[in-house]
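Visitor: Read in the UniProt record's numbering, the sequence shown has 73 at position 73, and its numbers run on one by one without any break.
Incorrect hints may have been included.
[Stated by the list, open to error] Within a straight-line C-alpha distance of at most 27 Å, the following computed DSS-like cross-link-like pairs (lysine-lysine) qualify: (1) 102 to 112; (2) 102 to 247; (3) 192 to 74; (4) 142 to 271; (5) 192 to 175; (6) 103 to 247; (7) 192 to 112; (8) 191 to 175; (9) 103 to 142; (10) 142 to 192; (11) 191 to 102; (12) 112 to 74; (13) 74 to 175; (14) 247 to 175; (15) 112 to 191; (16) 102 to 74; (17) 271 to 191; (18) 175 to 57; (19) 74 to 271; (20) 191 to 74; (21) 103 to 74; (22) 112 to 271; (23) 57 to 191.
FYI, nobody ran anything at the bench for these hints, they're computed from the structure.
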Amino acid sequence: MNSQRPANTFRNAPQQPRPKAAHSSMQRLQKTGRWQRARRFIRERPMLERIYWFCVKAFLWLFFGSIGYVIVLKYVPVWVTPLVVSRWMDTFGTDESSHVYKKWRSYDEISKEAALAVVASEDQAFPTHWGFDFDEIQDAIKENQHRKRPRGASTISQQVAKNVFLWSGRSYIRKGLEVYFTALIELIWGKKRILEVYLNVAETGPMTFGVEAASQRYYGHSAASLTRNEAARMAAVLPNPRLFSIKNPSNYIQRRTRQIARQMRYLGGQKYIRNL
Numbered sequence: 001m002n003s004q005r006p007a008n009t010f011r012n013a014p015q016q017p018r019p020k021a022a023h024s025s026m027q028r029l030q031k032t033g034r035w036q037r038a039r040r041f042i043r044e045r046p047m048l049e050r051i052y053w054f055c056v057k058a059f060l061w062l063f064f065g066s067i068g069y070v071i072v073l074k075y076v077p078v079w080v081t082p083l084v085v086s087r088w089m090d091t092f093g094t095d096e097s098s099h100v101y102k103k104w105r106s107y108d109e110i111s112k113e114a115a116l117a118v119v120a121s122e123d124q125a126f127p128t129h130w131g132f133d134f135d136e137i138q139d140a141i142k143e144n145q146h147r148k149r150p151r152g153a154s155t156i157s158q159q160v161a162k163n164v165f166l167w168s169g170r171s172y173i174r175k176g177l178e179v180y181f182t183a184l185i186e187l188i189w190g191k192k193r194i195l196e197v198y199l200n201v202a203e204t205g206p207m208t209f210g211v212e213a214a215s216q217r218y219y220g221h222s223a224a225s226l227t228r229n230e231a232a233r234m235a236a237v238l239p240n241p242r243l244f245s246i247k248n249p250s251n252y253i254q255r256r257t258r259q260i261a262r263q264m265r266y267l268g269g270q271k272y273i274r275n276l
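With these hints in hand, go ahead and build the complete structure from the sequences.
Guide: Now the structure itself:
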């Protein structure tokens with residue numbers, strides 16, 4: 001009886017050579033050829049070449065200039081924003097006062113009740129997200145399919161990026177720049193500086209910007225001594241400070257003030273923002 005195992009003809013069969021990746025190589029050659037033809041096309045037209053290099057240099061200047069500007073504003077108070085200029089220009093030819101109420105205060109000179117109030121009302125995930133609250137964005141997209149007035153999902157970081165660096169309006173270009181500057185300030189400034197700038201540049205009333213100016217104008221004292229209820233009422237008007245009033249709150253603002261004060265307690269008080 002033959003105890004030898006039959007030979008494995010499949011294993012011992014000669015290996016077929018693998019086909020070369022000719023297709024991918026051809027694609028790379030085609031792309032390289034197109035790029036070389038485009039460069040030759042530009043070089044043969046001096047005016048087009050000058051426009052091309054102008055655009056490249058302008059992009060590099062704007063890119064590195066924006067990074068440098070963000071670094072400077074990490075340490076320097078933000079005295080003027082596009083929103084302040086826009087509101088000031090809106091007063092031309094009207095009966096409104098053109099005086100701008102705005103006073104910069106450092107984060108340590110502002111009551112932490114004010115900081116907690118804006119976080120509780122505007123962006124409760126602020127201490128943990130990286131500039132964008134994707135859960136809130138998804139919820140807003142679903143809700144806006146059935147709402148007449150779209151609900152926003154901007155974080156405090158996004159609002160700071162928009163107010164400090166960009167113009168008002170809705171466009172894909174502005175939204176793309178908002179994403180860019182939001183990522184920059186999250187990376188360079190950090191949470192504490194972002195919140196400090198927000199508390200100083202947010203519109204809090206007609207021609208009024210920042211919690212210090214609003215506190216002195218409507219409460220008669222510094223933002224350092226804001227109470228929880230005062231801070232909550234100030235945060236309650238932030239969605240539309242030109243329509244809602246801190247000094248003469250409507251029933252809606254009073255109800256929203258109580259809701260924000262409850263959220264401040266549920267978050268655990270000032271310790272919620274202690275380690276920004």
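Visitor: Against the structure, test the hints numbered earlier, and report the numbers of the ones violated in rising order.
Guide: Violated hints (numbers, rising): 4, 9, 10, 14 and 23; every other hint is consistent with the structure.
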